[in-house]
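So the protein sequences, as listed, match chains A and B. Under our numbering, the first residue of the first sequence is numbered 1, with each subsequent residue one higher. Under our numbering, the first residue of the second sequence is numbered 1, with each subsequent residue one higher.
Worth flagging that the hints you see were computed from the coordinates, not collected in a lab. Nothing here was measured: the structure is a model prediction, and the numbers come from that model. The beta-carbon is built from N, C-alpha and C at its ideal position, and this holds for glycine as well. A few of these clues could be false.
To be verified - Not everything, but these chain B residues come out facing chain A in the computed CB check (under 10 Å):
{"hint": "1", "residue": "14"}
{"hint": "2", "residue": "16"}
{"hint": "3", "residue": "24"}
Said to hold, decoys possible - The list that follows gives simulated cross-link-like pairs (lysine to aspartate or glutamate, EDC-like), each with its CA atoms no further than 20 Å apart:
{"hint": "4", "chain 1": "A", "residue 1": "143", "chain 2": "B", "residue 2": "28"}
{"hint": "5", "chain 1": "A", "residue 1": "143", "chain 2": "B", "residue 2": "24"}
{"hint": "6", "chain 1": "B", "residue 1": "23", "chain 2": "A", "residue 2": "137"}
{"hint": "7", "chain 1": "A", "residue 1": "143", "chain 2": "A", "residue 2": "14"}
{"hint": "8", "chain 1": "B", "residue 1": "23", "chain 2": "B", "residue 2": "39"}
{"hint": "9", "chain 1": "A", "residue 1": "103", "chain 2": "A", "residue 2": "67"}
{"hint": "10", "chain 1": "A", "residue 1": "103", "chain 2": "A", "residue 2": "115"}
{"hint": "11", "chain 1": "A", "residue 1": "39", "chain 2": "A", "residue 2": "137"}
{"hint": "12", "chain 1": "A", "residue 1": "39", "chain 2": "B", "residue 2": "24"}
{"hint": "13", "chain 1": "B", "residue 1": "35", "chain 2": "B", "residue 2": "24"}
What the hints assert, rightly or not - Beyond 10 Å from chain B on every Cβ pair, some chain A residues (computed):
{"hint": "14", "residue": "14"}
{"hint": "15", "residue": "39"}
{"hint": "16", "residue": "80"}
{"hint": "17", "residue": "82"}
{"hint": "18", "residue": "98"}
{"hint": "19", "residue": "106"}
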Amino acid sequence: MVKTERLQQADEVEPAPSSAWLTGAAAWFVPGLGHLLLKRWWRALLMGGAVWACFFVGMAMGGHLFDLYAEGSSTLLQVPPMIANLGTGILYIVSWVFDYGFKDDPAQAARATYEYGNTFLLIAGLLNYLNMLDAFDIAAGRKP
Amino acid sequence: MRHFLVMTLFAGLASVVFGAMAKDTTRDRVFYGLKVFAEFMLIGLVLGWILYFIP
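Model the full structure from these sequences, guided by the hints.
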């Protein structure tokens, strides 16, 4: 395909309506809310529920949430896991406000399920990014 | 045993999301979710055995 054809196709793609962006933002902020707004009840329950479950299971296992501050570690190394954690939206924000799950506690790190908990917390955020994109696509009419 | 249960839980939750957002029909979604779940479990077990022999 020549470049001009590709540019023409790009021009033909309709821009997403502002409601789609709002739905995407809502889906990020509260896992499952985006699909609830779109009246996709089952998707909201399954996809949002999976994120909430992942987060609370991760917390129950003693997982650790990441922010930019870390003792004895580079700030740059904190950025990728923080982006993943941030995907849980309000769950991350509330935890951050109450400083719950962020402390580097050796006793917590010694738990057998500590790394599992970290993984569940990271995956909760990443799954919610998928939820957000799915809700956005549905709201924009790009997906049935 | 606990490790296996955690892996199963992880595979279940992740495959629910993957299955729900993929494909067009409910039937396809269910099969895709099951397929992803099976893949997670299989790959997890294979990696577990490989790592078992690595000191």
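Hint numbers not upheld by this structure, sorted from lowest to highest: none
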